[in-house]
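> When we follow this note's numbering, the leftmost residue of the sequence shown carries the number 92, and every step to the right adds one.
Hints in this document: simulated from the structure, not taken from any laboratory. Treat the hints with caution; some may be incorrect.
[To be verified] Pairwise CB distance ranges, derived in the manner of DEER restraints:
no.	residue 1	residue 2	range
1	ALA96	VAL157	58 to 66 Å
2	GLY176	LEU139	49 to 57 Å
3	LYS156	LEU93	23 to 31 Å
4	ARG137	VAL164	20 to 28 Å
5	ALA129	LEU166	24 to 32 Å
6	TYR131	HIS99	52 to 60 Å
7	GLN141	LEU166	35 to 43 Å
8	LEU209	VAL164	47 to 55 Å
9	TYR131	LEU209	22 to 30 Å
Where a beta carbon is used, it is the ideal one built from N, C-alpha and C, also for glycine.
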Amino acid sequence: MLARAARHLRVELDAEQAQPDGLLYILIADIDGVKEHARYEHDKVRYLQQSIMTSPDVKQNQIVKVFTIITAVFLPPTLIATFYGMNFTMMPELAWDHDLADAGGGADPALVHLAQGLAAPRLTASPSCGKASKGPCRPRR
């Protein structure tokens, strides 16, 4: 705003006089320099503010990761404990010769087989490419 006023004054002085005052040019240069320095300082403060704001985000992500691992570790035993903690006398599984852990044992190989089936297309080599690829191989043109 000051630079605009000084430039307007310079135009007015140029119209009236043949030789404007040199101090006016110095004033305009000083105003422009202060404006550039203020922009630099503003950018520096903004960078520091963003850096400070990302630090709690990183800490929060680490805390959530720890709770996720704890949940993943304790969820299966909790599920089994609640399953066995149900005192139903009319459950047909209670009369089986094998206990419920043997009945659930068939789920483990099924999960392993499912995981292998999902990971196999990504890890196997495509015969048309001749090398391992992550996606479908396209023929060359």
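> Checked against the structure, which of the hints given earlier come out wrong?
Of the numbered hints, 3, 4, 5, 6, 8, 9 do not hold.
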